[in-house]
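Residue 316, in our numbering, is where the sequence shown stops; the numbers in between run on with no holes.
Keep in mind that the hints are not guaranteed to be accurate.
When the alpha-carbon atoms are kept at most 20 angstroms apart in a straight line, the in silico SDA-like pairs for lysine to any residue are as follows [claimed, not checked]: (1) 241 x 290; (2) 241 x 297; (3) 284 x 243; (4) 284 x 314; (5) 241 x 309; (6) 284 x 224; (7) 284 x 237.
Think of the hints as simulated: they come from the structure by calculation, not from any bench.
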Amino acid sequence: QLQASGGGLVHPGESLRLSCAAIGSLPGASTMSWYRQAPGKQRELVASITSGGTSYVVEAVEGRFSISRNNRMNTMWLQMNNLKPDDTAVYYCRSRRTVTPTSDYWGQGTQVTVSS
């Protein structure tokens, strides 16, 4: 139901823009999020955005990453600037609705590698 894209191999300091497109429509009032999982580590939240546009990014990427979405297009983006080697991970998108009827969809991951 969700398709993530935009990953790649970049050098430190460069930028990438990840996209997450829903195949079909998403349930209303869904919060969309980006998570990442580095090798040997647990999956962690990176950023989230509500259907109303309220966004949140974790401290580790604050000031470098920004999240946005277009509800009509059922698409979400993660703009990643000034990438660092620690940002290397598989990035996953998620759409979750916590009010009845609940739903929880994950996209396949997209690899982001930051290396000199």
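Do the hints match the structure? See the list:
no.: 1; hint: 241 x 290; in the structure: holds (11 angstroms)
no.: 2; hint: 241 x 297; in the structure: violated (26 angstroms)
no.: 3; hint: 284 x 243; in the structure: holds (18 angstroms)
no.: 4; hint: 284 x 314; in the structure: holds (6 angstroms)
no.: 5; hint: 241 x 309; in the structure: holds (15 angstroms)
no.: 6; hint: 284 x 224; in the structure: violated (34 angstroms)
no.: 7; hint: 284 x 237; in the structure: holds (15 angstroms)
Hint compliance for this structure: hints 2, 6 are not met, and every other hint is.
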